[in-house]
Amino acid sequence: HSLNHSIAARVDRRALDLNSLAKPLLTMAEQPSPQQMQAAMQMAQQQMAQQQTAKQLEKVIEKCFNKCAGKSGDRLDKKEQLCVGSCFDVYFDTNKAVTEALVARQQKS
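Residues 4 to 112, numbered by my numbering, are exactly what the sequence shown covers, in order.
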């Protein structure tokens, strides 16, 4: 009986020790560091930018297709393909020029 009591006391002490060690770890896990917060914010911003880019690309594809595709069936003919390619080029060239101008403006500030 005293052996069981001794073992139980040791287990209780170890459990208390583990609880006292785990408490700060749990607190740290609940409160992210400034670096973790910054990384999370950057990841969220990147995801938002990717979603925005995907939406813009969908719009460009739709606009170029509607502008260039005729009623020739389920495939684009050569003229339609060239039109869609040219439409994409205009969009990407314009997007590149705007991005470069914004970057240059930010660097001057």
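Some hints here could point you the wrong way.
[As the list claims (entries may be wrong)] Capping the alpha-carbon separation at 20 Å, the derived lysine to any residue pairs in SDA-like fashion look like this:
| # | residue 1 | residue 2 |
| --- | --- | --- |
| 1 | 58 | 97 |
| 2 | 58 | 98 |
| 3 | 99 | 52 |
| 4 | 82 | 100 |
| 5 | 81 | 98 |
Since the hints were made in silico from the structure, they are not lab data.
Any of the earlier hints contradicted here, and which numbers?
-> As far as the earlier hints go, 4 and 5 are violated by this structure, in ascending order.
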